[in-house]
Amino acid sequence: MTFINYAAKEINCKIVYYGPGLGGKTTNLQYIYSKTSPEAKGKMISLATETDRTLFFDFLPLDLGTIRGFTTRFHLYTVPGQVFYDASRKLILKGADGVIFVADSQKERMESNVESIRNLETNLKQHGLDLAVLPYALQFNKRDLANAMPTDELYRVLNYKREPTFEAIAPNGKGVFDTLKSVAKQILVELRKR
Amino acid sequence: MASMDLVLYEEEIHLLEEVLQRLRHDSNARAVFLIDKNGQQMASEGEIENFDTTSLASLTAGNVAATDSLARLIGEREFSVLFHEGERDHIHISIVGKRAILLVIFDERSSLGLVRLRVKRASGEFDKIFETMAEKATAGTRNAGAVPTPFSEITDDDIDALFSD
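Residue numbers (the numbering used here), protein chains in the order written: chain A, -11 to 182; chain B, 843 to 1007.
Simulated from the structure, these hints should not be mistaken for lab results.
Some hints could be false.
Not everything, but these chain A residues come out facing chain B in the computed CB check (under 8 Å) [as the list claims (entries may be wrong)]:
hint	residue
1	Met(-11)
2	Thr(-10)
3	Phe(-9)
4	Lys2
5	Ile33
6	Arg41
7	Leu43
8	Ile55
9	Thr60
10	His63
11	Phe72
12	Leu81
13	Lys82
14	Lys162
15	Gly163
16	Arg182
Mimicking DSS-like on lysine-lysine, the simulated pairs with C-alpha atoms at most 27 Å apart in a straight line are [said to hold, decoys possible]:
hint	chain 1	residue 1	chain 2	residue 2
17	A	Lys181	B	Lys879
18	A	Lys(-3)	B	Lys970
19	B	Lys879	A	Lys169
20	B	Lys879	A	Lys173
21	A	Lys(-3)	B	Lys962
22	B	Lys962	A	Lys181
23	A	Lys149	A	Lys113
24	A	Lys169	A	Lys149
25	A	Lys29	B	Lys879
Given the structure is predicted, the values throughout are model-derived calculations rather than measurements.
Beta carbons: idealized from backbone N, C-alpha and C, even for Gly.
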């Protein structure tokens, strides 16, 4: 749900990072935070457990600049990936303008990836959102690990609608901004259509 | 999905701000915020420079969303009022006009009773403004295409320029 404030001349959009537990959603946000100039970002909030697992969500507000005189602001959220936090995941998806799915490339995590995409589809439906039309990108994270599956195999199983797909190594930033830009662009293109 | 967008025009913002100003004054609050249920700040009044308003809006919406789910788990529709008591400052949260959250931050210069009373009065005024906004939005959807929005003119170059560095 894009929020357009004509008085303040602002466009606010919400992007949600989704995916299985320990897949690197929070690391994506941490990298973006570390590489963004102070004037373009707000405080990053992480509601995490004592062992740094996401408990509720991470939140990072980003200011991308102006478009047609309107300040363009993106609110980035991550969901908790662990299966039993489904109630919280559902809440975070509310009002999402776009979703980035962070898949774990490791062979052992394939089943969790598949389960998480199904869960995403179900939870979006409950908010009246359809993954088939929502701005969406797929990220294959952890490409540097020895047990990472070949990307064509990952694509064959995880591709949902020929969405833009990116290889990533989130801790060093590979693919992180490309994935974000892809979804941000799709959201702005959607806005133009309205 | 267009119908789900929240669009606020200057005239509406002014109406909302007027009610917020009155509420802050009458309740002796430090600051008052109107936040969309998805975590976007719509309007605010008072000592806002002392707060990280973006984080405040996002966390408040998360708090309300979590509490709503808790309510449903025990068979309640919602908990319409939340109150957090601190040593010096306190937070009063309530739902107004079905889609917005009213957040009041107050200290010893006010009291929970006074805040509750004034919030109740302001809620009625917000409800009316939101009803008018909803009617306007429905009419706008019916006339969609008649008046182009500034965003219909966004070019690929405009979008690329945002990501140039």
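The hints, checked one at a time:
1. Checking A:Met(-11) against chain B by beta carbon gives a least distance of about 5 Å; that is within 8 Å, so the hint holds.
2. Hint on A:Thr(-10) holds. Least Cβ distance to chain B is approximately 5 Å, under the 8 Å limit.
3. The interface hint given for A:Phe(-9) holds, since its Cβ lies 4 Å from the closest Cβ of chain B, which is under the 8 Å cut-off.
4. With a least beta-carbon distance of about 6 Å to chain B, the hint placing A:Lys2 at the interface is held under the 8 Å criterion.
5. Checking A:Ile33 against chain B: minimum C-beta separation of about 6 Å stays under 8 Å; hint holds.
6. Given the 8 Å rule on beta carbons, the hint for A:Arg41 is violated: about 17 Å separates it from the nearest Cβ of chain B.
7. Nearest Cβ of chain B to the Cβ of A:Leu43: about 11 Å, over the 8 Å cut. The hint is violated.
8. Taking 8 Å as the C-beta cut-off, the interface hint given for A:Ile55 holds, the closest approach to chain B being about 5 Å.
9. Hint status for A:Thr60 relative to chain B: holds, with the closest Cβ pair at about 6 Å, below 8 Å.
10. Below 8 Å, beta-carbon pairs count as interface contacts, and A:His63 has one with chain B at about 7 Å; its hint therefore holds.
11. For A:Phe72, the interface hint is violated, since its Cβ never comes within 8 Å of a Cβ in chain B; the closest pair sits about 14 Å apart.
12. About 10 Å separates the beta-carbon of A:Leu81 from the nearest beta-carbon of chain B, more than 8 Å, and the hint is not met.
13. Given hint, A:Lys82 at the interface with chain B, holds; its Cβ is 6 Å from that chain's nearest Cβ, closer than 8 Å.
14. Interface restraint check for A:Lys162: the shortest CB-CB distance to chain B comes to about 17 Å, outside 8 Å, so the restraint is violated.
15. Hint on A:Gly163 is violated. Least Cβ distance to chain B is approximately 15 Å, over the 8 Å limit.
16. Nearest Cβ of chain B to the Cβ of A:Arg182: about 5 Å, under the 8 Å cut. The hint holds.
17. At most 27 Å may separate the alpha-carbon atoms for a hinted pair to count; A:Lys181 and B:Lys879 meet this at roughly 25 Å.
18. A C-alpha spacing of about 24 Å is found between A:Lys(-3) and B:Lys970, which places the hinted pair at or below 27 Å, so the restraint holds.
19. Distance check on the hinted pair: B:Lys879 and A:Lys169 sit about 26 Å apart at the alpha-carbon level, within 27 Å; holds.
20. The suggested pairing of B:Lys879 with A:Lys173 holds, with an alpha-carbon distance near 25 Å, which does not exceed 27 Å.
21. Our distance criterion of 27 Å between C-alpha atoms is broken by A:Lys(-3) and B:Lys962, whose separation comes to about 31 Å.
22. Restraint check for B:Lys962 and A:Lys181: the C-alpha separation of about 40 Å exceeds 27 Å, so the hint is violated.
23. Note on A:Lys149 and A:Lys113: the hinted pairing holds, with a Cα-Cα distance of about 16 Å set against a maximum of 27 Å.
24. At roughly 18 Å between alpha-carbon atoms, A:Lys169 and A:Lys149 fall within 27 Å of each other, so this suggested pair holds.
25. Restraint check for A:Lys29 and B:Lys879: the C-alpha separation of about 22 Å stays at or below 27 Å, so the hint holds.
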